[in-house]
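Trainee: The residues making up each chain are set out below.
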Amino acid sequence: MGYGAHLMIPVDHATPLSVFAATIAPTQLVHLTPVDGVIIVFYFALVLTIGFYLKRYANTSEDYFMAGREMTAWIAGLSFLSANLGALELMGWAGAAYQYGIQAVHWYWIGAIPAMLFLGLVMMPFYYISKTHSVPGYLKLRFGEPTRAISAVTFAVMTVLMSGINMYSMALVMKVVLGWNINFSIWVSAITVAVYVGLGGLRSAIFNEVLQFMLIWAGALLIPILGLVEAHGWNNLKAQIARNAGAEYTHVWSTLGTFHTNPLGINWFGIVFGLGFVISFGYWTTDFLVVQRILAAKDIRSAKMAPIIGAAFKMFVPFIVILPGLLGIALLPMKLTGEGLAVATGGHSYNEVLPLMLARYAGPGLLGLGVTALMAGFMSGMAGNVSAFATVWTYDLYKALFHKSATDRQLVSMGRWCTILGVLISIGTAYIVMDFLSIMDYVQALFSFFIAPLFGTVILGMLWKRATAAGGFWGLLIGTLSSVGMWAWVKVNPSAVGTLAFYPNAGPLAQDVWRGLWCWIVCVVVTIVVSLMTRPKPDSELVGLVMGVTPIPSEGELALYQRPIFWAVIVMVVLVALNIYLW
Amino acid sequence: MSERESISIWFFIGISLLGDGLLTLSAGLWEIWNPPMTRVVLYQFHANAWGGALLAVVGAAYCWYFAPSKTR
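Top line first, the protein sequences correspond to chains B and A. Just so you know, we're using the working numbering here: the first sequence kicks off at 198 and counts up by one. Just so you know, we're using the working numbering here: the second sequence kicks off at 2 and counts up by one.
One chain only, chain A, in its complex shape:
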């Protein structure tokens, strides 16, 4: 959008993906070190660990690229 002095929406999205990614990654790593008794299907792929990592990387990239200091 015409960011008109405002913080870019993509920066907010970056914050969201980074935060959610880090939380999900943490939960995934915790599960790897402390395997649960009840496991989801395909648990062996640790989807929350790599999915969370992917989100965090994408989110960090958005935060960096659309940082308010760069877009203003």
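With the rest of the complex left out, here is chain B:
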């Protein structure tokens, strides 16, 4: 999920998701054999078994919502990444790679890695030392109840709505790829997630996310390997792409000097500061869906290492997502198009490139693994949504506003009911959008409104002790409203894109990047101005929350290779080398 579910349009980038829903291909792309069916059933049986097994370890609220804060860095790190790696993300970004070329990789590299490393090295100590249960919980400690309320309500509402939309989108994908009935896909996947998260809480969600991470790789890895064999290596692949689409499809930076020399319609400044800084940092450091996995780490060193481990693996996800899209440009016999044109001509759309490549290489068994990978991705994302919703509702709304004296047993009970309720609301949302498709586009846009300003509020709260409660509240509120305003402005007056994104032909991804940058700036400016006009908290009340007044445990006694900064530097060096190689 991640940008897939929360910030970017997951399935379709060129046209609204509702268009994809309304225009799905009439025939299925792949046909499963009995052994493929057995692999899929085996997967469902295993995740349910894990849920039932882990129920015995979810007795207290700390167990249920925080997985007992017992996860190692590896488990937390892989879960952190897996919660973001949804099926729609896989298909959507493979489609984006076909459509925009290798520059789609920016959303995995500069648009993720620096932010993940920053989370581990700079922000995680404050989240962890404050012992908060959630990101809204941190805002309560730092800025007070009103700021938490805004953050908690928007997060809870949008999370279940997004979960429902993703559920419906996934059911559509299953219909397109496998010809499955939409109701069947929705109910089977939803009930499975409700059972294993409801029983085992965050521990069960995390266990299954790690399992799903492995299955995604197992199911998707053969596509790029066989694709490179068929293309006769990377250099021949690039030459073929240059012939079929253009040389600019194979360079990540060299065509970003101006807006009109690259398929995205964006320049390097927008990529570096809009995507690489604001949007990426906003998502990876403040979206509770992913941060919750790190909060479950067993100690502060594990909490710092987990995002770094996640970043190391994130760097190689393009191998199973972006590369299949590029292989599609070079190897597929047909030309893929946008959804509308695909339906009009009876062809295939960009979004179908991953299943098309799967069908190209995967025989019996491998096909079942590939479909299991897609389903695993979807369910890990949904479990992430539901477990995060249950935690924010229980701690930041139910306990904070409605039942301050709730006992531990009541909190666990509320968490279980919330998990079921969250799934039911998601199912309801899925059926509503089935009838009112345009809702999908609006809700997806809505979620993106909150991320960038939230990052402005959290980062100022952590790094600037002068930031006040009033500053945090008004900065978050006005920053969010400015994002809504810019979105509405472009809706009413499409020519405003030229002002907002400096380029009238800027695509949807470029518009998201620039809107995020502007509303972050609004949030930061308002927070600073209001803070300077209001009285700050004394330092004694900021201990454990803000840099400069919080003692961070020393790592001096650790060997160099045990220190998070050592591995973060290695990840950054590899990232820079990859970017230079593909310049």
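Simulated from the structure, these hints should not be mistaken for laboratory data. The structure presented is a predicted model; accordingly, all values stated were derived computationally and were not measured. Incorrect hints may have been included.
Computed, partial: chain A to chain B, Cβ under 7 Å [said to hold, decoys possible]:
#1 I10
#2 F13
#3 I14
#4 S17
#5 D21
#6 L24
#7 T25
#8 V41
#9 V42
#10 A48
#11 N49
#12 G52
#13 G53
#14 L56
#15 A57
We put the CB at the ideal spot given by N, CA and C, even for glycine.
Please arrange chain A on chain B, whose structure you already have, making use of the hints.
Mentor: Same frame as chain B, now just chain A:
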């Protein structure tokens, strides 16, 4: 994770990879002995046979190394 008396997640992953690997390997071997009429691209590499075998080996290694009797 702090396995706290629990079965390691890596053992579950081993079970998953071993099961999927054996199923995929079986399908691959079946295809070798009974070649299908319609074939995928690069069929001659029998990717499901060696891919399944690889998964099964990795899964078996995980099952052995993280067996509940050893991690408790």
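Trainee: Against this structure, judge whether each hint is valid.
Mentor: Against the structure, the hints:
1. Interface restraint check: I10 (chain A) against chain B, minimum CB-CB distance 5 Å, threshold 7 Å, status holds.
2. A hinted interface residue such as F13 (chain A) counts as satisfied when its beta carbon comes closer than 7 Å to some beta carbon of chain B; here the least separation is about 6 Å, so the hint holds.
3. Below 7 Å, beta-carbon pairs count as interface contacts, and I14 (chain A) has one with chain B at about 5 Å; its hint therefore holds.
4. Given hint, S17 (chain A) at the interface with chain B, holds; its Cβ is 6 Å from that chain's nearest Cβ, closer than 7 Å.
5. At about 6 Å, the closest approach between the beta carbon of D21 (chain A) and any beta carbon in chain B falls short of 7 Å, and the interface hint on this residue holds.
6. Among the interface hints, the one on L24 (chain A) holds; its C-beta lies about 5 Å from the nearest C-beta in chain B, closer than the 7 Å criterion.
7. With 7 Å as the threshold, the beta carbon of T25 (chain A) comes within range of chain B, its nearest partner Cβ sitting at about 3 Å, so the hint holds.
8. Taking 7 Å as the C-beta contact cut-off toward chain B, the hint placing V41 (chain A) at the interface holds, the least distance being around 5 Å.
9. Because the beta carbon of V42 (chain A) sits about 5 Å from the nearest beta carbon in chain B, less than 7 Å, this interface hint is met.
10. Annotation: interface hint on A48 (chain A) holds; nearest CB of chain B at approximately 6 Å, less than 7 Å.
11. For N49 (chain A), the interface hint holds, since its Cβ comes within 7 Å of a Cβ in chain B; the closest pair sits about 4 Å apart.
12. A hinted interface residue such as G52 (chain A) counts as satisfied when its beta carbon comes closer than 7 Å to some beta carbon of chain B; here the least separation is about 6 Å, so the hint holds.
13. Evaluation of the G53 (chain A) hint against chain B yields a held restraint, the C-beta minimum of about 6 Å falling below 7 Å.
14. Taking 7 Å as the C-beta contact cut-off toward chain B, the hint placing L56 (chain A) at the interface holds, the least distance being around 6 Å.
15. At a threshold of 7 Å, the smallest CB-CB gap from A57 (chain A) to chain B is about 11 Å, leaving the interface hint violated.
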